[in-house]
Amino acid sequence: MLGLLIAAGFETVRDSVVAWNQREVLRVTSPDGQIDAVFVEPVVHSVSQDSALYLVPKGEPAPARGPQLRGVDFKEPPALVWKRSHLLAINYSHGCIINFVNLWHSNDVEDGRYYVEVTLNPTVDFPCIGGRAPSPSVTH
Amino acid sequence: MPHGMRRLLFALCFLAGLLSPYVPTRAVYLAPVATREVQRAVSPDKRLDALSVTTRSGILTLRLWYEVYIVEHGAPFAHAVPVFSALKIENADLVWTAPRLLKISYTRARIEHFTNYRKLSPRGNESVEIRLAPSSAAFSFLNSSGGIDDATEP
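Residue numbers (this note's numbering), protein chains in the order written: chain A, 1 to 140; chain B, 1001 to 1154.
Here chain A stands alone, though its shape is the one from the complex:
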């Protein structure tokens, strides 16, 4: 029981640090007014260098976990374009994507039956390694 409490406490502290260290720089509402796409950047880069994209019910703040996209080296926020309701395009020319997930839904919107698909649209062939090479590496 004590171990469970410590583990839960660790997760809570982690979420608090992430939430404290992220600053909203861009918010774009879907055409049907239900969903906001929110792009956040780190406040203190020595704590974390990751930028992130979250999808949230309209007006909600960005959470601390479950981003659609997490990355580094975005020289400017990507353009978030709702091609139509349920379909969000991320247009960017610089950025290294650490993790991307293309499907979103939340139990807080239409009882979990509202889905959003996200697509990546880099505008150049080498948006990441065109600059310097980032840290994670191939393992053999």
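The set of hints was computed from the structure by calculation and includes no laboratory data.
Some hints here could point you the wrong way.
Claimed, not checked - Mimicking DSSO-like on lysine-lysine, the simulated pairs with C-alpha atoms at most 27 angstroms apart in a straight line are:
no.: 1; chain 1: B; residue 1: Lys1046; chain 2: B; residue 2: Lys1119
no.: 2; chain 1: A; residue 1: Lys83; chain 2: B; residue 2: Lys1088
no.: 3; chain 1: B; residue 1: Lys1119; chain 2: B; residue 2: Lys1103
no.: 4; chain 1: B; residue 1: Lys1103; chain 2: B; residue 2: Lys1088
no.: 5; chain 1: A; residue 1: Lys83; chain 2: A; residue 2: Lys58
no.: 6; chain 1: A; residue 1: Lys75; chain 2: B; residue 2: Lys1103
no.: 7; chain 1: B; residue 1: Lys1103; chain 2: B; residue 2: Lys1046
no.: 8; chain 1: A; residue 1: Lys75; chain 2: B; residue 2: Lys1119
no.: 9; chain 1: B; residue 1: Lys1046; chain 2: A; residue 2: Lys83
Got chain A; can you put chain B on it based on the hints?
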């Protein structure tokens, strides 16, 4: 109960409590898996292979994962980290369009993980860029009304 036994029991309960939040997410790795290499695409300079693998896993519900790895030419993928993981993928293909640019094309996919770069050695400066190339500029997983057909509910 002897004092030593009580302390051991306490330590075991403490450890079990500490691990309990993580056990359900890790249990999937204990399930039996069947892995099959589907495609191996050699880079234009013949230094690297991009290979796709399907993995059937799950305890209660079987899931067919499609994963892409980048390894040195001829190497196995066993200890590599995937650059792409998806479920319900259709018509997937790997194409090197330049010595350091890999495109992953598909007509349909539910992407659970994708990274657009992979460094080739821990201390080297050489990297590979990876790009997604869905066949449609619109939906690649949802249906045309933005929903999911019942038969493909995630």
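Here is what the structure says about each hint:
1. B:Lys1046 - B:Lys1119: 17 angstroms, holds
2. A:Lys83 - B:Lys1088: 23 angstroms, holds
3. B:Lys1119 - B:Lys1103: Holds, at roughly 16 angstroms.
4. B:Lys1103 - B:Lys1088: Satisfied, since the Cα-Cα distance of roughly 19 angstroms is no more than 27 angstroms.
5. A:Lys83 - A:Lys58: 17 angstroms, holds
6. A:Lys75 - B:Lys1103: With a Cα-Cα distance of about 23 angstroms, the restraint between Lys75 (chain A) and Lys1103 (chain B) holds, given a limit of 27 angstroms.
7. B:Lys1103 - B:Lys1046: Distance ~16 angstroms between Lys1103 (chain B) and Lys1046 (chain B) Cα, so the pair holds.
8. A:Lys75 - B:Lys1119: 20 angstroms, holds
9. B:Lys1046 - A:Lys83: Violated, at roughly 39 angstroms.
The structure shown violates just one earlier hint, number 9.
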